[in-house]
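*Asks:* Listed below are the residues making up each chain.
Number of protein chains: 2
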Amino acid sequence: MRNAPPSPARWGSLRLSDVLFEKLTLIGAGLIGGSIARAARAFGGMAERITVSSRSQKTLDRVAELGFADVCEIDSRKAVEGADAVMLCSPVGTYAAIAAAISPHLKPGAIITDVGSTKQSVIRDIGPFVPAGVHFVPAHPMAGTEFSGPDSGFAELFQGRWCLLTPPPGTDEDAVQKLESFWSRTGAKTARMDAAHHDRVLAIVSHLPHLIAFTICGTADDLADETRQEVLQFAATGFRDFTRIAASDPEMWRDIFVANKDALLEMLARFSEDAQAMARAVRWGDTAYIEDKIIRSRKIRQSLIELKQA
Amino acid sequence: MRNAPPSPARWGSLRLSDVLFEKLTLIGAGLIGGSIARAARAFGGMAERITVSSRSQKTLDRVAELGFADVCEIDSRKAVEGADAVMLCSPVGTYAAIAAAISPHLKPGAIITDVGSTKQSVIRDIGPFVPAGVHFVPAHPMAGTEFSGPDSGFAELFQGRWCLLTPPPGTDEDAVQKLESFWSRTGAKTARMDAAHHDRVLAIVSHLPHLIAFTICGTADDLADETRQEVLQFAATGFRDFTRIAASDPEMWRDIFVANKDALLEMLARFSEDAQAMARAVRWGDTAYIEDKIIRSRKIRQSLIELKQA
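First to last, the protein sequences are chains A and B.
So for the first sequence, my numbering puts the first residue at 2; every next one is plus one.
So for the second sequence, my numbering puts the first residue at 2; every next one is plus one.
By construction, these hints were calculated from the structure, which means they are not laboratory data.
Note that the structure is predicted; figures quoted are calculated from it, not measured.
Be aware that a few hints might be false.
Given that identical chains are not distinguished, each listed pair holds provided it fits within a single copy or across any two copies.
Stated by the list, open to error - Think about it this way: if two alpha-carbon atoms lie no more than 27 Å apart in a straight line, the pair counts; the simulated DSSO-like pairs of lysine-lysine are: (1) 108 / 79; (2) 300 / 59; (3) 300 / 262; (4) 300 / 190.
Looking at chain A on its own, in the form it has when it is part of the complex (with noise of 0.2 Å):
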């Protein structure tokens, strides 16, 4: 999972004394956050001084112990004074009032992005707040642990990772490539892709699975005592790997819920329908249907390995 940094050839023209920000305030200190803020550290080229913001004292407290930022400044306001790029790494809940908070204090030419999982519900939130001459390059690096708080974050995080970047029509070009020069520098690949389509890829291979493991815990643990302890004690492979899953951050997920409501409820729509299809081939003896749909299955893993994802 952890390669070696990126080669500076595939930076294209930039060159690796190029530094694309002198200054980059990263608000949020979380998983992604703190890996940012190492991966610019590690790998050079990405920012000559960084800020670090975030709303607890706590957090900023560990960071300086850390030491992956140069300035902690609990403002948000001030610690966006000056910065050439701001990256919102909180939960995508708390975007709209960071953006109206942070908008007056923005300089000209700043580039104002963020890591949220969402793409339309931070357009929708940010955009209003963007002043003329601020360029406003949402984006959501695919990357993530189970972990998460500034101890959990580490420079490595993003190699060989999707980065989609989903600015809205008009983005000056510019910012967008020196964005996508950032995300090429952590080690991560880059796309561009429609907010509302990024939206309705997410819902299927993130947003419901997640959905789908914190709620099948739920259920497990609401089974009588006795059952409850021997599931624990049982857990077979399959229910483990939905806890793994479902051991993500509660506040972060539970904004992605509600910031991609409508694709969510989508595809949940849709496999709640494909589950009763299921369920009834199990009550019927259905046994070609439920025999086909396990092989379409390990066809869709298959075509995950070719592309060598899995």
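Use these hints to put chain B onto chain A, whose structure you have.
*Replies:* Below, chain B without anything else, positioned relative to chain A:
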């Protein structure tokens, strides 16, 4: 995952030189059967000679090449002749026909057992064919990988995993203990359980997660062509974990679903209610409800880690 073989100390009064079965016959030589044979070879004290039977000549040819059986015999009736223990290691849907065929050829005093993931169906399907003087001890080693076939097995598969025995009331105690010793020598931990209870526990920890994983892969595959391609390309952690579960053997899982119909449909109904409640919370933005469910999932994950199952 693969630990050192179990120390002789834990085998109770049995000595390493005591061989449990002169002749062991395995019917089915996939992941589980092939791993049992390899474990018997690797750790000793389990079986003097191993006969493997399979309905497929191709599988038997491969078993002969791999060399983990002393005798390969396509006719299951001949394969069980003179065997001290007969283990059914094929999909549970094949058990009734196999039991009917081999029943007249079982040696008095022999143990007939299995490795199926459902236990009430196994008792229903094999029970009526067990001759007087033959001991029927249903068993379920809770171990597996996403691979199948004779090449996929390995001697260490069962180490540290549970093997659940569900002997019907009145089963010969010596026979049960002998089978417990057998599984202990593979490195597994053994426990006894009522068959109906087993089936409910397995429905929630294993069968339902597999049904869900198979289903969501199909849901994704049904999306419009463009989206499907991107689902594969951008498969995030959640979906990837689901496809790993979904890569298991189709015939085996088809049989398990049908064989454990009642418990599986009950657990699916409970899960569906819970998923609908979550959907409603997402629709109406009930963030407290969503967060509470996520926090509960994390607690279950924590309990699993504490039980050293994670």
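*Asks:* Take the hints in turn and mark each one as holding or not.
*Replies:* These are the hints, each one checked on the structure:
1. For the homomeric pair residue 108 and residue 79, the shortest alpha-carbon distance inside one copy (12 Å) is at most 27 Å, but the shortest distance between copies (85 Å) is not.
2. Within a single copy, residue 300 and residue 59 get their C-alpha atoms only as close as 47 Å, which misses the 27 Å cut-off; across copies the closest is 23 Å, which meets it.
3. When the C-alpha separation of residue 300 and residue 262 is checked against a cutoff of 27 Å, the pair qualifies only between copies, where the shortest distance is 25 Å, while the shortest distance within a copy is 29 Å.
4. With identical chains, the CA atoms of residue 300 and residue 190 are at most 27 Å apart within one copy only, with a shortest distance of 25 Å there and 34 Å across copies.
In terms of the numbered hints stated before, the structure departs from none.
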